[in-house]
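Novice: Residues per chain, in single letters:
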Amino acid sequence: MTRTVLPFGPQHPVLPEPLHLTLTIEDEIVKEAIPKLGYVHRGLEKLAEIRDHTQMIQIVERVCGICSTLHAMCYCQGIEALMNVEVPSRAKYLRVVWAEMHRIHSHLLWLGLFADAFGFESLFMQFWRIRERIMDLQEATSGNRVIVSVNVVGGVKRDINKETEKWILETLDKVAREVNQLKTTILDDFTVKQRTVGIGILSKEKAYELGAAGPTLRASGIAQDMRQTGYAAYPELDFSPVIETNGDSYARTVCRFNEIFQAIDLIRQAFAKMPEGELAVKPKGLPKGEVVSRVEQPRGEVLYYLKADGTKFLDRLRIRTPTFANIPPLLDMLPGCDLADVPILILTIDPCISCTER
Amino acid sequence: MKDSALVITEENTAEIPLDEVITQSRILKDEGFRFITMSSADLGESVCVLYHMDKDLQVRNLRVTVPKGKKIASIASVYSCAFLVENEIKEHFGVDFDGLPLDFQGMLYNDEEVQKTPFCKIGIKRV
Amino acid sequence: MFMTKTVLKNLLTKYATRLYPFQTRETFKDVKGELKIEIDKCVFCGVCKMRCPSQCIGVDKKGRSWEVDPFACVYCGICVDACPVKCLYQEGMYKAPVAEKHMVFHAQEEKADAPT
Ligand code: SF4
Ligand code: SF4
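Going down the list, the protein sequences come from chains A, B and C. Residue numbers are given in numbering that gives the first Met the number 0: position 50 of the first sequence equals residue 49, and the series is strictly consecutive. Residue numbers are given in numbering that gives the first Met the number 0: position 17 of the second sequence equals residue 16, and the series is strictly consecutive. Residue numbers are given in numbering that gives the first Met the number 0: position 6 of the third sequence equals residue 5, and the series is strictly consecutive.
Among the hints, a few may not be true.
Restraint-style ranges between C-beta atoms, simulated for each label pair [said to hold, decoys possible]:
(1) 35/C x 162/A: 18 to 28 Å
(2) 18/C x 28/B: 52 to 62 Å
(3) 21/C x 160/A: 27 to 37 Å
(4) 5/C x 64/A: 29 to 39 Å
Here are the simulated BS3-like pairs of lysine-lysine, each with C-alpha atoms no more than 25 Å apart in a straight line [said to hold, decoys possible]:
(5) 61/C x 48/C
(6) 28/C x 173/A
(7) 182/A x 8/C
(8) 182/A x 13/C
(9) 192/A x 4/C
(10) 173/A x 4/C
(11) 54/B x 203/A
(12) 45/A x 69/B
(13) 156/A x 48/C
(14) 192/A x 203/A
(15) 156/A x 28/C
(16) 283/A x 85/C
(17) 61/C x 35/C
(18) 48/C x 311/A
(19) 48/C x 281/A
(20) 173/A x 8/C
(21) 28/C x 161/A
(22) 287/A x 311/A
(23) 203/A x 30/A
(24) 203/A x 28/B
(25) 40/C x 85/C
(26) 205/A x 54/B
(27) 4/C x 182/A
(28) 205/A x 30/A
(29) 156/A x 85/C
(30) 28/C x 165/A
(31) 94/C x 35/C
(32) 94/C x 156/A
(33) 48/C x 45/A
(34) 85/C x 281/A
(35) 70/B x 45/A
(36) 35/C x 156/A
(37) 67/B x 45/A
(38) 283/A x 48/C
(39) 281/A x 311/A
(40) 28/B x 205/A
The set of hints was computed from the structure by calculation and includes no laboratory data. For glycine and all other residues, C-beta sits at the position ideal for the given N, C-alpha and C.
Assemble the whole structure, with the sequences as input and the hints as a guide.
Specialist: In structure tokens:
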């Protein structure tokens, strides 16, 4: 049988981000996939040499718009560990609130794009309509719609007052109700099931060995979530990782869908337990040493390696984002699947290429 | 805080010689560690490469110091997912990995016209 | 048949979107919008210039002038927090798109702002 080499991406109708794959196909069946990155490589890590460590917060936030606050949180957490700063407890709870808002809007965005990928355009509109409520919450609480920019080394910049809290909780109730209404449309739909169930199976062992992260890992039955390590206020909140066991595209969809409700629940808990108090402490001195900082982003675990030598500027900043970790599992899933399933499989790892290439 | 911001100390980081990379990572893999990623930093005359692995959310690191111009063995035969990050380090820092299953020739992100290793403070020319 | 309910509901409810630009939403309080300065209060200390992560502010101490490149500004609000005399502020609406890039320039003598 003849082999055909097919370039896929970086511009493709279903791809929200410029990922390029060179696919070798044999009669519509994918045999091999080789990635090519670099379409949005910006070299942001290098900027650490000319911007001081407080300015870097705003820069790491721009690694990725969708998980901006989590990038900043992970970075601040690392610097705080180096400078021995204890963040006030109200700030920790507020960080949870913004982080979970980001998770909700990111998952809604993904569900919309996913629906769009197999031509379900009205569902795409529905999800994005709900997402707009969360964007409004972010704009009202932080001043910006996407890049909320609330984290500083030592705490947060903005507070949420009682009145806003009430409005947030009411909106979240609405969001939960509306998302729940779409449950039958996306999870019980015949077409959706045809396109996802049993396709792109990532076994438990493979997922662990290939270092998958986030929902891609948890949909294969491994209950690993960086929030269990207990950063910010998560140790005081009650939650357990959402897992699915089948490891196929459908499981990854269900996993993300259920995480929306988990995130809503976490925000409610955070508001219920939030203590009064100050928002930030002023850090003294300059960071020195090396640290590995990890948090759970909507797409999975992000790792920051920071090396500081006691000056204003960091010696080295390295960011390992979840999509970077999810590319090897994707390359493992692709061989053997139909060409028509490739777009859906790429989407189910929730790729964020601007994260990956920084 | 359990482990989400782990300051690197001697307890969690083992300093290993250049030629033991594969054996040491194999030991960790057999213990059930998962490969997270690698980091690297320029030290002037050499490049320090850190391997981050975790098990039950606990991170363990291996540290190797690679003199510039020396080769290091790729651990892709142990953890196959390492090839991507090894290519990245090869491109940014000019560390040569031996036995990469998929070698982008230092052109994973940048194009051919980028002649230097962009992340080193003093770059070395690509040959 | 199970769709009838949805169809009826969608027919009877309002649009989900706004008819922009005829209908606009009120901006929220404390939105990080367009960056403005009360130039008469400024002491030209240069703190805002130093702190700005995108390095888009210029402060001229001798000429007693302050300028910002609104197209490089990322509207993070760092300069607003950093200013010792609190003469910077961000106003409700985001900057409207324009056809050509320009700098926003303020000097203390003339009180009118003259975009160059
Ligand atoms: S920080 Fe404030 S007072 Fe100082 S130069 Fe900037 S605007 Fe003027
Ligand atoms: S808002 Fe941010 S980017 Fe804009 S001028 Fe101020 S500090 Fe610079």
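Novice: Hints first: check each against the structure and report whether it holds.
Specialist: Going through the hints against the structure:
Separation of residue 35/C from residue 162/A is about 27 Å and conforms to the stated range, judged on CB atoms against 18 to 28 Å. Judged by the Cβ atoms, the range 52 to 62 Å given for residue 18/C and residue 28/B holds: they are separated by roughly 60 Å. A hinted range of 27 to 37 Å for the beta carbons of residue 21/C and residue 160/A is consistent with their spacing of about 33 Å. Residue 5/C and residue 64/A have their C-beta atoms about 32 Å apart, which keeps the hinted 29 to 39 Å range intact.
For the suggested pair residue 61/C and residue 48/C, the alpha carbons sit about 15 Å apart, so the restraint of at most 25 Å is met. Simply put, residue 28/C and residue 173/A have alpha-carbon atoms about 22 Å apart, close enough for the 25 Å limit, and the pair holds. Proposed proximity of residue 182/A and residue 8/C is supported: the alpha carbons are some 18 Å apart, at most 25 Å. The suggested pairing of residue 182/A with residue 13/C holds, with an alpha-carbon distance near 23 Å, which does not exceed 25 Å.
A hinted pair counts as satisfied when its Cα atoms are at most 25 Å apart, and residue 192/A with residue 4/C qualifies at roughly 24 Å. Between residue 173/A and residue 4/C the alpha-carbon distance is near 19 Å, which keeps this suggested pair within the 25 Å criterion. With a C-alpha separation of about 15 Å, the suggested pairing of residue 54/B with residue 203/A holds against the 25 Å cut-off. Note on residue 45/A and residue 69/B: the hinted pairing holds, with a Cα-Cα distance of about 23 Å set against a maximum of 25 Å.
Restraint check for residue 156/A and residue 48/C: the C-alpha separation of about 20 Å stays at or below 25 Å, so the hint holds. A C-alpha spacing of about 21 Å is found between residue 192/A and residue 203/A, which places the hinted pair at or below 25 Å, so the restraint holds. Between residue 156/A and residue 28/C the CA atoms are separated by roughly 15 Å; this keeps the pair inside 25 Å, and the hint holds. Between the alpha carbons of residue 283/A and residue 85/C the distance comes to roughly 23 Å, so the proposed pair stays at or under 25 Å and holds.
Proposed proximity of residue 61/C and residue 35/C is supported: the alpha carbons are some 21 Å apart, at most 25 Å. Pair hint residue 48/C plus residue 311/A holds up; C-alpha atoms about 16 Å apart against a cutoff of 25 Å. At most 25 Å may separate the alpha-carbon atoms for a hinted pair to count; residue 48/C and residue 281/A meet this at roughly 21 Å. Our distance criterion of 25 Å between C-alpha atoms is met by residue 173/A and residue 8/C, whose separation comes to about 17 Å.
Under the criterion of a C-alpha separation no larger than 25 Å, the hint pairing residue 28/C with residue 161/A is consistent with the structure, at around 15 Å. The hinted pair formed by residue 287/A and residue 311/A meets the criterion: a straight-line CA distance of about 10 Å does not exceed 25 Å. Among the hinted pairs, residue 203/A with residue 30/A is consistent with the structure: their alpha-carbon atoms are about 22 Å apart, no more than 25 Å. About 16 Å separates the Cα atoms of residue 203/A and residue 28/B, which keeps this hinted pair within 25 Å; it holds.
Note on residue 40/C and residue 85/C: the hinted pairing holds, with a Cα-Cα distance of about 8 Å set against a maximum of 25 Å. For the hint linking residue 205/A to residue 54/B, the alpha-carbon distance of about 15 Å falls within 25 Å, and the restraint holds. Between residue 4/C and residue 182/A, the direct Cα distance comes to roughly 16 Å. Compliance with the 25 Å bound is thereby established for this hinted pair. Annotation: proposed proximity of residue 205/A to residue 30/A holds, straight-line Cα distance about 18 Å (limit 25 Å).
At roughly 16 Å between alpha-carbon atoms, residue 156/A and residue 85/C fall within 25 Å of each other, so this suggested pair holds. Between residue 28/C and residue 165/A the CA atoms are separated by roughly 16 Å; this keeps the pair inside 25 Å, and the hint holds. Taken as a hint, the residue 94/C and residue 35/C pair is honoured in the structure, with Cα atoms around 11 Å apart against an allowance of 25 Å. Our distance criterion of 25 Å between C-alpha atoms is met by residue 94/C and residue 156/A, whose separation comes to about 23 Å.
Taking the CA atoms of residue 48/C and residue 45/A, the gap is near 21 Å; set against the 25 Å cutoff, the hint holds. Distance check on the hinted pair: residue 85/C and residue 281/A sit about 19 Å apart at the alpha-carbon level, within 25 Å; holds. Simply put, residue 70/B and residue 45/A have alpha-carbon atoms about 24 Å apart, close enough for the 25 Å limit, and the pair holds. For the given pair, residue 35/C sits about 20 Å from residue 156/A by alpha-carbon distance, which is consistent with the 25 Å threshold.
The straight-line distance between the Cα atoms of residue 67/B and residue 45/A is roughly 19 Å, inside the 25 Å bound, and the hint therefore holds. Restraint check for residue 283/A and residue 48/C: the C-alpha separation of about 22 Å stays at or below 25 Å, so the hint holds. In summary, the hint linking residue 281/A to residue 311/A is supported, as the alpha carbons are separated by about 16 Å, within the 25 Å threshold. Between the alpha carbons of residue 28/B and residue 205/A the distance comes to roughly 13 Å, so the proposed pair stays at or under 25 Å and holds.
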